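K.L.:
Take the position in the sequence shown, starting the count at 1, then add 41; the result is the number in my numbering.
Calculated from the structure, these hints are not laboratory results.
One should not assume that every hint holds.
Cβ pair distances, simulated, as ranges [said to hold, decoys possible]: (1) THR93 to LEU136: 32 to 38 Å; (2) MET42 to GLU121: 32 to 38 Å; (3) GLY66 to GLY97: 30 to 36 Å; (4) LYS69 to LEU45: 27 to 33 Å; (5) PRO95 to VAL74: 31 to 37 Å; (6) LEU114 to VAL139: 17 to 23 Å; (7) PRO95 to SER120: 35 to 41 Å; (8) LEU136 to PRO95: 18 to 24 Å.
Please read all numbers here as calculations on a predicted model, not as lab measurements.
Positions of the beta carbon are idealized from the N, C-alpha and C atoms, including for glycine.
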Amino acid sequence: MAWLYLVIAGLFEIGWAIGLKYTEGFTKLRPSVLTILAMLVSFFCLAQAVRTIPVGTGYAIWTGIGAVGTAILGILLFSESASFARVVCIGLIILGIVGLKLTS
42 MAWLYLVIAG LFEIGWAIGL KYTEGFTKLR PSVLTILAML VSFFCLAQAV RTIPVGTGYA
102 IWTGIGAVGT AILGILLFSE SASFARVVCI GLIILGIVGL KLTS
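Using the sequences and the accompanying hints, generate a full structural model.
P.N.:
The following block contains the structure:
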């Protein structure tokens with residue numbers, strides 16, 4: 042169950058990170074409220090996960106899921122660079138996440 046909480050926390054981290062773009066500096070009410078709610082859900086789920094999973098592992102995987110998901114959505118939604126080097130670096134983050142999961 043802890044790993045499920047961690048994945049959910051990571052997905053909501055992606056949501057709030059992308060949401061930050063839509064808040065326009067927290068000047069738009071609806072995106073701001075949704076972004077803050079996503080933050081709260083993400084932190085709550087992370088807190089539940091690290092009750093069982095070591096905090097270093099949980100935090101690293103949480104940020105990794107968020108970083109990879111946000112980078113991919115940045116490419117898809119905002120036309121951010123999809124250069125070879127950037128895609129390779131995203132792949133390295135994924136390898137790190139898998140490595141942490143396998144060693145925990």
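K.L.:
Now, for every hint given, state plainly whether the structure supports it.
P.N.:
Verification of the supplied hints:
1. Separation of THR93 from LEU136 is about 24 Å and departs from the stated range, judged on CB atoms against 32 to 38 Å.
2. Evaluation of the 32 to 38 Å hint for MET42 and GLU121 yields a pass: the beta carbon distance comes to about 34 Å.
3. Look at GLY66 against GLY97: about 32 Å separates their beta carbons, and that is inside 30 to 36 Å.
4. At roughly 32 Å, the beta-carbon separation of LYS69 and LEU45 lies within the given 27 to 33 Å, and the hint holds.
5. Between PRO95 and VAL74 the beta carbon distance is about 33 Å. The supplied range of 31 to 37 Å therefore holds.
6. A C-beta distance of roughly 20 Å is found between LEU114 and VAL139, which places it inside the suggested range of 17 to 23 Å.
7. For the pair PRO95 and SER120, the beta carbons lie near 38 Å from each other, so the given range of 35 to 41 Å is met.
8. Range check, LEU136 to PRO95: about 19 Å between beta-carbon atoms, so the 18 to 24 Å window is met.
When the structure is compared with the earlier hints, a violation turns up for hint 1 alone.
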